[in-house]
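There are 4 protein chains.
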Amino acid sequence: MVIVTKPDATPDQIDKIVKRVEGVGLKAQISTGEQRTVIGVIGDKTLLGDMPIGSMSGVEKTMPITAPYKLASRQFREEPTIIAVNGTKIGGRKLAVMAGPCAVESTEQIVTIAKHVKNAGATFIRGGAFKPRTGPYSFQGYGLEALKMLATAKQETGLGIVTEVMTPSEVDIVGDHTDIFQLGTRNMTNFYLLREVGRARKPVILKRGLASTIEEWLLAAEYILSEGNPDVILCERGIRTFETHTRNTLDLNAVPAVHQLSHLPIVVDPSHGTGIRSLVSDMTKASVASGADGLLLEVHHDPDHSMTGDGAQSLFPEQFEKLMQEIKPIAIAVGREI
Amino acid sequence: MVIVTKPDATPDQIDKIVKRVEGVGLKAQISTGEQRTVIGVIGDKTLLGDMPIGSMSGVEKTMPITAPYKLASRQFREEPTIIAVNGTKIGGRKLAVMAGPCAVESTEQIVTIAKHVKNAGATFIRGGAFKPRTGPYSFQGYGLEALKMLATAKQETGLGIVTEVMTPSEVDIVGDHTDIFQLGTRNMTNFYLLREVGRARKPVILKRGLASTIEEWLLAAEYILSEGNPDVILCERGIRTFETHTRNTLDLNAVPAVHQLSHLPIVVDPSHGTGIRSLVSDMTKASVASGADGLLLEVHHDPDHSMTGDGAQSLFPEQFEKLMQEIKPIAIAVGREI
Amino acid sequence: MVIVTKPDATPDQIDKIVKRVEGVGLKAQISTGEQRTVIGVIGDKTLLGDMPIGSMSGVEKTMPITAPYKLASRQFREEPTIIAVNGTKIGGRKLAVMAGPCAVESTEQIVTIAKHVKNAGATFIRGGAFKPRTGPYSFQGYGLEALKMLATAKQETGLGIVTEVMTPSEVDIVGDHTDIFQLGTRNMTNFYLLREVGRARKPVILKRGLASTIEEWLLAAEYILSEGNPDVILCERGIRTFETHTRNTLDLNAVPAVHQLSHLPIVVDPSHGTGIRSLVSDMTKASVASGADGLLLEVHHDPDHSMTGDGAQSLFPEQFEKLMQEIKPIAIAVGREI
Amino acid sequence: MVIVTKPDATPDQIDKIVKRVEGVGLKAQISTGEQRTVIGVIGDKTLLGDMPIGSMSGVEKTMPITAPYKLASRQFREEPTIIAVNGTKIGGRKLAVMAGPCAVESTEQIVTIAKHVKNAGATFIRGGAFKPRTGPYSFQGYGLEALKMLATAKQETGLGIVTEVMTPSEVDIVGDHTDIFQLGTRNMTNFYLLREVGRARKPVILKRGLASTIEEWLLAAEYILSEGNPDVILCERGIRTFETHTRNTLDLNAVPAVHQLSHLPIVVDPSHGTGIRSLVSDMTKASVASGADGLLLEVHHDPDHSMTGDGAQSLFPEQFEKLMQEIKPIAIAVGREI
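Chains as they are written, first to last, in the numbering used here: chain U, 2 to 339; chain V, 2 to 339; chain E, 2 to 339; chain R, 2 to 339.
Isolated chain U (complex conformation) (with noise of 0.2 Å):
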């Protein structure tokens, strides 16, 4: 850290800063600029846990140096994470590929979607139980039934489920019938359920919330990390921006710059990252070019029937046959395959 004093600070109150770091067994280092002085911080500074540094006289603002995460970060595991569930690996060579309806509606329905992403390559069913909705009076998901329904899409297909769980005391329950926990972007800086399924003994996909830094999202995932839980996969689904055309703005600088800063893996969702069916095609191949470990798409036999508005951005069946074609070789000139 580099603490920045205000170009009226006095000796003493630098002095003050100083005595306080130095407590604490860190070194400072006195530059006299100038204007001001600027103070380097040297060793662990988890040694300075909350101190509130910023708010001390003479003190204008402080500067990290390093990042506020560690499970999560390259330098803490050089190489990539990869998660083992069902059979299959995310974050490897092979690209996951969780499609399946916004939320679950029918056994019927979502055995039908299951089959016909399956027979495509889709490597993973997903579909809501709980939903997580702005309004109290939109439809919130069939709960523990469509749980059941899921279990048996994947009795038929074989395909692994990713499920969403919006709150503690609903992960036992999910869990028991779920391969992959989904956290959704409201849910993100939900620190208690981020803790239980931090506890769990199974995979998350934890969103980035919708105004949430990358550095932010990365500290979401520190606290499922710092459970215990290693297998934390991330998902970019478009954050709140200025721009009403499209539902979010779908940020793809996310992939690279998350595997620069991480090992953890990182998938993408642009079924809501555009929130426009015409727009997911072209998203998902800039997705897949731009690096990512897998992709989430919504996909819906008949999306004039959804229960949910979101059917506006779910792919028919033919179409998403048809982008796991055109996907390929854009995979393999990325060093990946589907």
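Bear in mind the hints are in silico, worked out from the structure with no lab data behind them. Please note: incorrect hints may appear among the correct ones.
Claimed, not checked - Chain E is nowhere near these chain R residues, computed Cβ spacing over 12 Å in every case: (1) 28; (2) 38; (3) 322; (4) 325.
As the list claims (entries may be wrong) - BS3-like, lysine-lysine: derived pairs with alpha carbons at most 25 Å apart: (5) 95(U) x 116(U); (6) 62(R) x 62(V); (7) 46(R) x 28(R); (8) 71(R) x 7(V); (9) 7(R) x 62(V); (10) 7(E) x 62(U); (11) 119(V) x 203(V); (12) 20(R) x 71(V); (13) 71(V) x 62(R); (14) 62(V) x 71(R); (15) 90(V) x 71(V); (16) 329(U) x 323(R); (17) 7(E) x 20(E); (18) 28(V) x 62(R).
Being a predicted model, the structure only gives us computed values, none of them experimental. Where is the CB? At the ideal position from N, CA and C, for every residue including glycine.
With chain U fixed as given, assemble chains V, E and R onto it according to the hints.
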């Protein structure tokens, strides 16, 4: 709702859309323009439920005409909601002033600060017992112990208590000690928590999400109201924008906007809204002038030794006292009092 | 400046960076931490010029310590800049009130409004002669004719004139008629225009860019100041965020922030800052309470027949008159007068 | 356009609105809902001009149905625009690759880089002669001298030239030397400049404004098109968001979105779009996969000694060469070639 069709929508597609709308008992009024057909949907739109009109063939977009919240709207209730709690009223002529430290650190600390802010004119003591923190290694609050410390502060000063609740399973225990629940910005879309405090019988301060539109914020309030708890107090606390000089961008536009859209009271938190101590006083004055029903302010008598980095935005007791004097004439100028 | 090296930076790379810094006469102070080396650069950083330190091998990032603007900074000039123009002063105790229509539409219109706002206490008449419009088919202003109409309004009322200049080649002709140049939000980074008004001898209102940080805004002011024109008035007019309920998000945090960073006066435009007539009065009050040195307000006596869509945010003359009365006690409460 | 009235709008107010609409020869279709009346406006909406419907009494909001640009729209011209320049075509099957340094620094520098990028497959040499810089003390480009250096580079390699023009009065001189004008992100709303290049007879690359919506961007293109210049090439170069890890957020959603809305070609600038050299290659691949018609890339053989800070995002020639090979199979996968 208005349904805008694509320029190349076929008569058959338009017909299907109309049938779908009329099928649930609504009226569809067709306007055939030069480039496209627009279908006005007339009637009680809740009949539409989650019908995915937007994903039907031939539809370009749908545009809502009325707000998606009901109980929170000014149309539902013309008179402002006034909430009586601990002998005070929130939403009436007198401003509610909730002040205290970021975190409860000790009985001595919280009692000292409570006495200070009481003397200066505050009506509530605020302080965190359970703390939402971006990273897992930061101080997470003293929990139940801190709730007891707050109770002591209340006993000593008579001030009502405002403290945060972070997860559904802690609503009961927090409710046993607090007068007002606080839901933090990171939990505005924790829908299970919204429902749980909706079932409690205590007022709730609902902070605006970091990147939540006013409409989404009122929908979050609707979750609470729809469970039977009418006592929701909105809190503007700064939104996330591109500006990095301040920690957040305090959106005071939201104060008169909420007063027009809703009957619920709205308070402002200039401490988080700026993140910089030296900006808090001016922005508190601006908050009062904008018509806020109250204030949430961080006050700490010894921020250099506080346990969270938020010390950098806490007022000293003497600053708070001075500020309380300074806002009096402004409050009077806008028809309020302190 | 602080130079942070990569964890794997070699001694040779660090040596090259140090040599580069010392080569221009600066001192490099090396701090060797556990994970990386940090190099503090001490001395007059303008010696660095555009040296691309950030792109040198082994460098992870550079962090500036001091602001990149000089003449605009509070360090350069401690006393607030007070600008005398047309017998009034901007930046002093008395608030500057600039009011008028979006566009000058006729002599009768502008004289009528000028008389209204003069009577209510305005100190300047504002109105667009050259109009920046998002699309080419919108009314672009009456140009020179409108400048003459403004001159008539000045003759009749004695009010100084504020009007926009859009391109370097029109600085002379606009300068012949106006008392204060206005540079619009879409021209804040029109650097040739900044330089040209910097060479003129009239005050300049510099509106903040739609997505400009406070630092970039002060750098734009620096362009004008560095050409020799000391009379820059900053104008906060709302920034672009994700919120769509209001046209812009008025960032009042900028008012006290600018006062701390700079000696230049700052006025606020709540008309564009909200874009909604019914929010303007409350936000004008908030602007005054935040410490603004003045106001820029749209007033139109017949907005239903105005020539630009901005009529939707214009106050009626009677609203303006009432507002001028209402802000008086607030101005006094913050040590100002109207 | 759809006009939504206020819940309390009177029949008289609605009547006035209807009369106003019908007065210019449009048809007004009234839908009386439960809560409010909605008026659909049918006909050629340019008849409305700037009529301030939104500010009329009784109006809550107006919602446009059709896009405000015309010449730029896909409706106006179904076939993609293909621009022939310097023996190459932009917008066709073959990708345009424009590469070179941020600024032209010397004849030797620009010729050296031009030869490198020509050999690697670029079709244009790019380099700044007139440089828009955030602050007045940064290197502003060598101007006319640099234009001559670019001419030499063209002579030596045959590559067409892309260089920026910053102000209307320099359109002629820049046009005498360049093959394609570049309009920078900070000048997207410099409307006089848009018109001036609209009157020139050379293609124009129009970079998206830092905080411009796709609609505003297409409206800026409309300015150029409406002056008679049909050869506009859009360039996505990253938008400003809350994320600070990257310099900008490259919005690749814009590529397929623009292709749907407009017939104009769109290229991508991953150098500015990320601001970080180590992210450029992956994002270039993603750009090609998203369907971009071309690329704008910064390449510098000696970024450690470049004259602008943008060296930090420049590729080395060998990186560029490798990248050109790597994107070939991706281009083919999406039906293009290099």
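Evaluated hints:
no.	hint	in the structure
1	28	21 Å, holds
2	38	18 Å, holds
3	322	19 Å, holds
4	325	21 Å, holds
5	95(U) x 116(U)	20 Å, holds
6	62(R) x 62(V)	17 Å, holds
7	46(R) x 28(R)	10 Å, holds
8	71(R) x 7(V)	16 Å, holds
9	7(R) x 62(V)	23 Å, holds
10	7(E) x 62(U)	23 Å, holds
11	119(V) x 203(V)	22 Å, holds
12	20(R) x 71(V)	33 Å, violated
13	71(V) x 62(R)	19 Å, holds
14	62(V) x 71(R)	19 Å, holds
15	90(V) x 71(V)	24 Å, holds
16	329(U) x 323(R)	21 Å, holds
17	7(E) x 20(E)	18 Å, holds
18	28(V) x 62(R)	22 Å, holds
In summary, the structure is inconsistent with hint 12 from the numbered list given earlier, while agreeing with all the others.
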